[in-house]
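K.L.:
Here are the chains, one letter per residue:
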Amino acid sequence: MGKHLMKGNEAVIYGALLGGATHYFGYPITPASEIAHAAANLFPRCGKHFLQAECEVSSISMLYGAAAAGARVITGSSGPGLSLMAEGLSYLSGSELPCVVVDVQRAGPGLGYIWPEQADYNFIVHGAGHGSHSGVVLAPNSAQEMCDFTYKAFELAERYRCTVFVLSDAYIGQIMEPVDLPRQIQSNPHKDWALYGDAESRHNLLSSIYLKMEELEGHNQHLQDKYRRMAEEIVDFEEFETADADYLFVAYGITSRICHSAQQLLRNKGIKVGMLRPKTLFPFPDVRLRELAGQLKKIIVAELSNGQMVRDVRLAVEGRVPVDLYNWMGGRIPSTEEIVHRLEAETGGL
Amino acid sequence: MLAGVKPSCFFMENKEMHTIKHQKARSLYPTFERKAPGAEVSHYCPGCGHGTVHNLIAEAIDDLGIQDRVVFCSPVGCSVFAYYYFDVGNIQCAHGRAPAVASAIRRTHDDAIVISYQGDGDLAGIGMSQIVHAANRGENITVFFINNAIYGMTGGQMAPTTILNQKTVTTPSGRHAANEGFPIGISEIINSLHAPVFVERVSLATAPKVMKARMAIRKALRNQVDKKGFSLVEILSPCPVNWKMTAVESRRWLEENLEPVFPVGNLRDLAKGPFDRVDRKKAGRVSDRKILEILGVDEKEVHTSSIHLKEEQNVKIAGFGGQGVLSTGILLANCAIAEGLQTTWLPSYGAEMRGGTANASVNISHEAIGSPIVSFPNVLMAMNLPSLDAFEDTVRPGGCILVNSSMVPRQVRRTDVAAYHIPATDMANNIGSPQIANVILLTVYALVSGAITLETLQKVIPLSIKRKNLVNINMKAIEAGIAWLEENRK
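Going line by line, the protein sequences match chains A and B. Numbering (our numbering) for the first sequence: 19 to 368. Numbering (our numbering) for the second sequence: 4 to 493.
Be aware that a few hints might be false.
[Stated by the list, open to error] Straight-line distance between alpha carbons at most 16 Å, and here's what the computed EDC-like set of lysine to aspartate or glutamate pairs gives: (1) B/K215 - B/E262; (2) A/K230 - B/E36; (3) A/K287 - A/E355; (4) A/K21 - B/D301; (5) B/K303 - A/D198; (6) A/K170 - A/D198; (7) A/K21 - B/E302; (8) A/K21 - B/E296; (9) B/K230 - B/D114; (10) B/K313 - B/E370; (11) B/K27 - B/D65; (12) A/K297 - A/E256.
If you are wondering where the hints come from, they were derived from the structure by calculation, not from laboratory data.
Isolated chain A, as found in the complex:
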């Protein structure tokens, strides 16, 4: 099996096409633009649709239209683009249309800059746009996972009729690594709720309007039930040396790569550090964190934001263990050594 050296952003498009994607709509933005470049190159050659929209408001509306028509749709963007998509994301959730949205997080707020941050967490994980809604949030930490997570995102989106976010960051988008491509192309199944412009689907209506209060309440309950079901069925995470750990790093995306290196160095120094990396941020691995909480002296959440995931970790452990935040903002990335020294200093060496 050939391994292909490619950027995380490019790997998204390989994962998408092998995952059965039929349409890409998007608007360029650094540091996500290579996703659109790869899509523009590969989608038409593979007989699929690529269209550069006039803005992100339109691109997400195009996802809405194509998803309603039964397509497998994907877009890629970064923070400022996601802000513009908030409207469409809410409508997609309200109408229960499946789609895949990749966010290559950059530093904010406002224009900020193109360096990496993880500060879209609150916005993406806790419901981008108005109303009580969310979607599956996958958190890749390598080019391989950019491909693999996108590959499986379409099936998840259709299973739950929801948006699946691939929440990465500027580093995971820009990194080049060898990628093993999936061998099978997924097919796009017929959906009995979609609009195909034919007699069979003529009576279908895709809408998020509910004129009766009790119906809208019921719709909301239905969405929340769906989110609870996701928590039971698809929560995913990776653990390193947690069995005897006194300290636990919790991190995702690029930060998890750095923390994993730090965790190994600290183990070499005799400090019992383990690590939990959420692969799904929604649903969040709160049950497992609560289980681990009892044995730990401290949890350290490392993230490139003002401390957003840390709140979910604190909620999960319900005060059973202190939860510290190591955070960086504005694009700065810690070195492995910085994290090692900081925890070493706190623990007094051992």
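Starting from the structure of chain A, add chain B where the hints point.
P.N.:
Frame of chain A; chain B shown alone:
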């Protein structure tokens, strides 16, 4: 007179027309549940134009025999509930976004008949971007634009098409150009674009004008059936309730006040769209096997040898932008893959970017690589002085620094690292291209580190460069690197 009940209701004014049997269009539901269970009248206000237009569209759908194929995109506004009336495929869209939604449906099903039905706030206000770009792409869709110069559903606020001095709840003393600008002529804007095939403005002021509207609506739909391209019909339509008039007064006001600002008539009717559309069915489906081939899923790996690394390689390659720093890193990473090793490549980015230099971080290891960021390299390739200045002190003791001494007028100061001062650019120029200086450096690195073999480098280079006539010169660069090291090791 309840629009939405009886098609072409204005004929009722002529008593001789009473003998005409009015039959509801098949494309409309028999009863209108939005109004009430079993209701035969619409929820629209008395005298409203929506019902008339709904009827005209439904009749056209019937007559064209396209009911099963229609996907109707309803907007935000009074006609948000169009799906209660049209017995076709229905989708409700966010405010102003229907043309983008319709464009995507168009690009999903070639034979669907995609209708975007929008009011003036929806299309000319919040959705101006979406309509202009859908029109500019010449999407083969049909847009019905109901212009009643006011926001209906939200309670009579100013619309982009509200005329000067017209009073609304948000222009209580009338619309003033100095504050709110002028009413927008959508048909004229759309007609300024190349792609649309049909643009017509019609009016519902009188029965003969309704007949003209009927013709325009049919034409706009037929164009889509014939795959001609983008058609828009702007329909000047009464809103008696928000205009605070009776139904009869509103028609007169429409004719006397709106029509002079928005002249009715055909603005464009092309026999053929300005470009040929790609017929995907004729172009043929791309088979899964072909897709796997395009994506290189079955490509054979270039696997030359299995190397045992003395230690994990954390390489920083730095120089001016344009010196091929990033591509040298990619070449090194590709060689590592060929050696069966793990590797990561990261461009200069964020906090890694300093001193105005471009740099690439490459890690090579037997194990899965944790942090891809090289803060403290054990190998530095410095292609210019700022790079050496920036990164010399970060190199770990015992590491090595390779300097392109043609570009760097000083020696490495560190004494705890191995230093190689290679006049790579001068050597490259002698061979014939300054571009290959990096390959000379990479060759020396391969020899002194043992992290990659020359055999691999020779196999990977031809696969990595686009201009195949440069393969030979790159091979000469490798020979030059070998020769330099032999000479300077003595």
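K.L.:
Confirm or reject each hint.
P.N.:
Do the hints match the structure? See the list:
For the suggested pair B/K215 and B/E262, the alpha carbons sit about 14 Å apart, so the restraint of at most 16 Å is met. Restraint check: the Cα-Cα separation between A/K230 and B/E36 comes to about 13 Å, which is no more than 16 Å; the hinted pair holds. For the proposed pair A/K287 and A/E355, the alpha carbon gap of about 13 Å is at most 16 Å, so the pair holds. The straight-line distance between the Cα atoms of A/K21 and B/D301 is roughly 10 Å, inside the 16 Å bound, and the hint therefore holds.
For the suggested pair B/K303 and A/D198, the alpha carbons sit about 12 Å apart, so the restraint of at most 16 Å is met. The straight-line distance between the Cα atoms of A/K170 and A/D198 is roughly 14 Å, inside the 16 Å bound, and the hint therefore holds. Note on A/K21 and B/E302: the hinted pairing holds, with a Cα-Cα distance of about 9 Å set against a maximum of 16 Å. Straight-line distance between C-alpha atoms of A/K21 and B/E296 comes to about 14 Å, which keeps the hinted pair within the 16 Å bound.
Of the supplied pair hints, the one linking B/K230 and B/D114 holds, its CA atoms being roughly 9 Å apart against a limit of 16 Å. As the CA atoms of B/K313 and B/E370 are separated by approximately 13 Å, the hinted pair is consistent with the 16 Å bound. This hinted pair checks out: B/K27 and B/D65 have alpha carbons roughly 10 Å apart, not beyond 16 Å. Restraint check for A/K297 and A/E256: the C-alpha separation of about 7 Å stays at or below 16 Å, so the hint holds.
Every hint, counting from the list given before, is met by this structure.
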